[in-house]
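Visitor: Chain residues, written in single-letter form:
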Amino acid sequence: MKILRDLFKDYRFTLSFSVLLILLALAIVAHFSPDDPALTGAVPRDLKPSAEYWLGTDSKGQDIFWQAAFAVRNSLIISVIAGLLSRIIAILVGMVAGYVGGMTDRVLMFISDSLLVIPLLLILIMMAMLLREYMNLLILALLLAVFGWAWDARVIRSVILSLREREFTQTAILSGTGTVELVWKEYMPFTMPLVFSTLINNMAWAIGLEMTLAILGLMNVNIPTLGTMLNWALAYQAILLGRWWWILTPVVLSVFLFVALYWLSVSISEYLDPRTRTQRVGT
Amino acid sequence: MNFLKRYLIPRLVQYILVIFLGITAVFIIPRLLPNDPVAAMIGVMQARGAQMEPGAMEVAINALKEMYGLEGSWWEQYVAFWSRLFRGDFGVSFFQFPTTVNQMVARAMPWTLGLLLISTAINWTLGNIVGGLAGYYSRRRWSRLLDAIAMVIRPQPYYIFAFMLLLVFGYFIPWFPVAGGTDLGRKLVFNWVTIQDILHHSFLPAMSMIVLGAAINFQTMKLIVQNVNAENFVQYAKLGGVTESRIVGKYVIRNAVMPQITGLALSLGQIFSGALITEIVFSYPGLGTLIYNAIVNGDYNLIMGITVYSILGITTMMLALDLLYPLFDPRVRYT
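Heads up: the sequence lines are chains A and B, in that order.
For the first sequence, our numbering assigns the number 1 to the initial residue and increments by one for each residue that follows.
For the second sequence, our numbering assigns the number 1 to the initial residue and increments by one for each residue that follows.
Derived by calculation from the structure, the hints in this document are not laboratory data.
Treat the hints with caution; some may be incorrect.
[As the list claims (entries may be wrong)] Covered stretches of chain B (chain A as the covering partner; in silico rule of three or more C-beta atoms under 8 Å from a C-beta of chain A):
#1 11 to 20
#2 153 to 162
#3 167 to 177
#4 276 to 289
#5 297 to 306
#6 311 to 324
[Unchecked claim] From the structure, some residues in chain A lie toward chain B, with a derived Cβ separation under 10 Å:
#7 117
#8 127
#9 132
#10 207
#11 250
#12 260
In this text, a Cβ means the ideal position worked out from N, Cα and C, and glycines have one as well.
Throw the hints in and build the complete structure from the sequences for me.
Guide: And the structure:
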């Protein structure tokens, strides 16, 4: 509780926390939508924002407000699944590489370096293109989880490397603590805060990649996400035809989402360790 | 000798291994996925077959089979795959038959490369100079204001920022064209009007990358300079009466710019991914739009060609920057 109270002293934390709560509320409200999000022609087409249709309607005959609510919900679902799963991989790889060291470390770090160097987007495009008919929220989240752990595994590894050199590790080993227990009880508390802040960054990354793939038309475009909304708006030439409200809604929502996630992660990691700021911003 | 053994050779080995892994992934992925790419692609082509001459279709199917190399064992396919790559042969594009993949990539590449190189150069220089100054004068009001602006711009993906620029300067205040690399139907002749037209069309996409990239470089540089400022040797120099401009020029900047050069290498890959969607947003005639069209048309050869070229391009750029690094930083001795 004290931690939370301290965090709320940072205006960036308070602001971004509130914005995320509002977006979360929007995502929950989606369940009370009067229309099925996949249904087209439910409302008159191409209406400007009005009292009846708060954010206007699009060229497919859908209420943009409800589409946006579903979009936020689905984008958040993808990012949470991808973020949590890739955390598990990152923690495992980082800990094993850092703790075991030697050849294992070299191989694991080579794999993660390769993932960082290869133009990942293009490999993802190839996979998504061939998987297109199977592509749904879960498959996409799994795909992003498999590719999203490399940088964070490196960060966790470096923490473990320094923990391993500390005295308490020696004491624990000499007093007969098993490896699993040592890692779980002694190392986890040190890495958890870090894992949490990388989780937030990774969620933003996943939302961004979902949008990228969706704009390319590699998602099932009938599932509303922030990306597929942009895809439809582009496909219907919303800007050329002057339907700015259609394109503005997903853009503004994503700006809020990205800024909120970023500020949340900055304020948390600064609270945890002011000195790490340089490293984090450098990533 | 130590330099060779401890640095150059491992780095070169890494370079070759990464390319090898990346291209092997390009080979394996389609074979691990649950659908048959040839059948799928032929299905797509037959659905559009009316647009193709009958002879062309047959050639395309054969090219497709040959390119996938689905005859023989995986090992034989793999060897054949590499031997084609070594000849730089990616086959023909199916939907712009009989244009080869190489021709299409060559046509799109200058646009992407020009946009990327110029905007990266500008944003890196601009971000580092302004960031360096803001770090040195970090208590001034303008420095904090810039920091606050960077905090809002930085987290956004390039294309989201591009959409905003497009709405504001393409639609609400129509100063710039909303699509294309030049006016429709303009022939690419080398004269001032053409150049002006190209610059006019590339302004918004370039801006999206320059402003965002500059915000990122600004933030990093500002923090590094703040840290260097706090170090002992700078404090000593100040106490010793070394002039301010000399401290900034000789001590602070030199020490701060090194990590930024490494950062440049790492950010290349990210800029590249962002630039692809930015191109689509502006219908800019570069690699991004080419990829988009290839996906829409299911042109697998084209996607694979672009992927392989990008793997080669990005890893080579990173290698070059890594090897140039010791030229800038005398402290890196590789001993």
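Visitor: Next, verify each hint and record whether it holds.
Guide: Going through the hints against the structure:
For a cut-off of 8 Å, the count of residues in the stretch 11 to 20 of chain B with a CB near a CB of chain A stands at 3, and the three-residue condition holds. Chain A is given as covering the stretch 153 to 162 of chain B, and this holds because 6 residues of the stretch bring a CB closer than 8 Å to a CB of that chain, at least three being needed. Coverage of the stretch 167 to 177 of chain B by chain A holds in this model, with 4 residues showing a Cβ closer than 8 Å to a Cβ of that chain against a need of three. For the stretch 276 to 289 of chain B, the assignment as covered by chain A holds, since 4 residues bring a beta-carbon within under 8 Å of that chain's beta-carbons and 3 suffice.
With 5 residues bearing a CB less than 8 Å from a CB of chain A, the stretch 297 to 306 of chain B meets the requirement of three and the coverage assertion stands. Interface restraint, the stretch 311 to 324 of chain B with chain A: holds (4 residues with C-beta to C-beta distance below 8 Å; minimum three). About 5 Å separates the beta-carbon of residue 117/A from the nearest beta-carbon of chain B, less than 10 Å, and the hint is met. About 6 Å separates the beta-carbon of residue 127/A from the nearest beta-carbon of chain B, less than 10 Å, and the hint is met.
Satisfaction of the interface hint for residue 132/A is found here, the shortest Cβ-Cβ separation to chain B being roughly 9 Å, below the 10 Å cut-off. With a least beta-carbon distance of about 9 Å to chain B, the hint placing residue 207/A at the interface is held under the 10 Å criterion. Hint status for residue 250/A: holds, given a least beta-carbon distance of 9 Å to chain B, under 10 Å. Against a cut-off of 10 Å between C-beta atoms, the interface hint on residue 260/A holds, since the closest Cβ of chain B lies about 9 Å away.
Hint violations for this structure: none, all hints satisfied.
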